[in-house]
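Same order as they appear, the protein sequences are chains A and B. Per the numbering used here, the very first residue in the first sequence carries number 436; after that it's consecutive. Per the numbering used here, the very first residue in the second sequence carries number 43; after that it's consecutive.
Rather than coming from a laboratory, the hints here were simulated on the basis of the structure. Each residue gets a CB set at the ideal place from its N, CA and C atoms; glycine is no exception. Keep in mind that the hints are not guaranteed to be accurate.
Stated by the list, open to error - Computed Cβ-Cβ distance ranges for the label pairs, DEER-style:
| # | chain 1 | residue 1 | chain 2 | residue 2 | range |
| --- | --- | --- | --- | --- | --- |
| 1 | A | Y447 | B | G57 | 28 to 36 Å |
| 2 | A | V571 | B | M72 | 39 to 47 Å |
| 3 | B | G116 | A | R596 | 36 to 44 Å |
| 4 | A | H491 | B | M102 | 48 to 56 Å |
| 5 | B | L88 | A | H491 | 15 to 23 Å |
| 6 | A | K525 | B | E85 | 42 to 50 Å |
| 7 | B | A80 | A | R522 | 41 to 49 Å |
| 8 | B | L135 | A | K525 | 49 to 57 Å |
As the list claims (entries may be wrong) - Far from chain B, by Cβ distances over 10 Å, these chain A residues were calculated:
| # | residue |
| --- | --- |
| 9 | T503 |
| 10 | V530 |
| 11 | V584 |
| 12 | I585 |
Here's the letter readout for the chains.
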Amino acid sequence: MAEVMVHDEHHYTATGLDSWKVGFWAFIGSECLFFGTLIATYLTYKGSSVQGPYPHEVLDIPLTTISTFVLLMSSLSMVLALDGVQRGSKKLALVWLGGVIALGLVFLGFQAYEFTHFVHEGLTIPRNLFGSSFFVLTGFHGAHVTVGVIWMATLFILALRDRLPPAKALNVEIAGLYWHFVDIVWIVIFVLIYLIQ
Amino acid sequence: MTTETEHGGGHASVGFYWMIGGILAVLTAMEVAVFYMALGRVEAPLLLTLSAAKFAIVVMFFMHLRFDSRIFTGLFVTGLVLATFVISALYLLYQVLPNYAV
Numbered sequence: 436m437a438e439v440m441v442h443d444e445h446h447y448t449a450t451g452l453d454s455w456k457v458g459f460w461a462f463i464g465s466e467c468l469f470f471g472t473l474i475a476t477y478l479t480y481k482g483s484s485v486q487g488p489y490p491h492e493v494l495d496i497p498l499t500t501i502s503t504f505v506l507l508m509s510s511l512s513m514v515l516a517l518d519g520v521q522r523g524s525k526k527l528a529l530v531w532l533g534g535v536i537a538l539g540l541v542f543l544g545f546q547a548y549e550f551t552h553f554v555h556e557g558l559t560i561p562r563n564l565f566g567s568s569f570f571v572l573t574g575f576h577g578a579h580v581t582v583g584v585i586w587m588a589t590l591f592i593l594a595l596r597d598r599l600p601p602a603k604a605l606n607v608e609i610a611g612l613y614w615h616f617v618d619i620v621w622i623v624i625f626v627l628i629y630l631i632q
Numbered sequence: 043m044t045t046e047t048e049h050g051g052g053h054a055s056v057g058f059y060w061m062i063g064g065i066l067a068v069l070t071a072m073e074v075a076v077f078y079m080a081l082g083r084v085e086a087p088l089l090l091t092l093s094a095a096k097f098a099i100v101v102m103f104f105m106h107l108r109f110d111s112r113i114f115t116g117l118f119v120t121g122l123v124l125a126t127f128v129i130s131a132l133y134l135l136y137q138v139l140p141n142y143a144v
């Protein structure tokens with residue numbers, strides 16, 4: 436009976452691949468298009484604002500470099516958490532999942548500070564085309580990070596209650612795919628919006 | 043360097059992941075250095091190359107596409123190519139050839 440239940444947790448497609456993982460990669464492919472359109476919109480309106488503040492007046496490169504580094508290191512923490520779960524180590528899983536949550540929250544803190552600073556500088560969504568396209572793009576990215584942090588927190592609680600054995604490593608792997616995707620979107624945003632002005 | 047998982051994919055060793063993390067940190071530092079050096083016409087292509095390298099490293103090694111089924115690569119690359127086409131087409135139309143975008 437127990438063996439039947441274990442097999443029921445994995446649904447394989449005709450390709451022999453897990454259906455959850457196939458579906459999630461298809462979702463990530465669609466997310467590429469979602470963020471692609473937001474980035475395209477930003478680039479389309481780049482330099483079209485008729486009133487300030489303009490990007491070079493408000494964008495803080497040193498601050499964003501630190502938040503970019505934080506998000507990259509959270510991806511490292513994520514793969515180490517997956518490795519911990521696959522090894523069956525509760526301690527490693529908790530440490531590294533906790534690391535992902537902490538680094539994700541730090542990134543969101545940086546973004547909240549940046550948004551608040553911009554508003555104080557007079558940059559709001561209706562202010563100009565830069566404000567509209569910038570806040571929509573980075574805001575949606577921040578929303579994705581927030582969802583990721585909540586997802587990691589649920590995995591952390593499951594690990595804490597000994598409900599994340601190696602047999603359930605696929606759940607962590609799929610959550611990891613989401614987290615790494617959020618990271619690669621930020622890699623693109625960092626270079627196109629912040630560094631190439 | 044890699045071991046197979048029960049799902050058909052593989053994963054690298056912990057030391058390898060730390061090395062990838064270090065490479066990503068170095069590439070980010072190089073990006074910021076290029077930004078502050080203000081290299082003129084080569085700056086944007088150089089930044090895009092460094093960014094593409096970071097992107098590829100995360101996708102191949104942290105998302106395990108390097109070790110996983112090519113079907114996953116196909117699903118991801120399809121969305122990525124379409125998104126790149128949309129970005130390139132709109133950028134070309136509105137920023138490079140603005141007189142035609144009326």
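Exercise for the section: Quick one: which hint numbers does this structure break? Sort them smallest to largest. Expected result: Violated hints (numbers, rising): 2, 4 and 9; every other hint is consistent with the structure.
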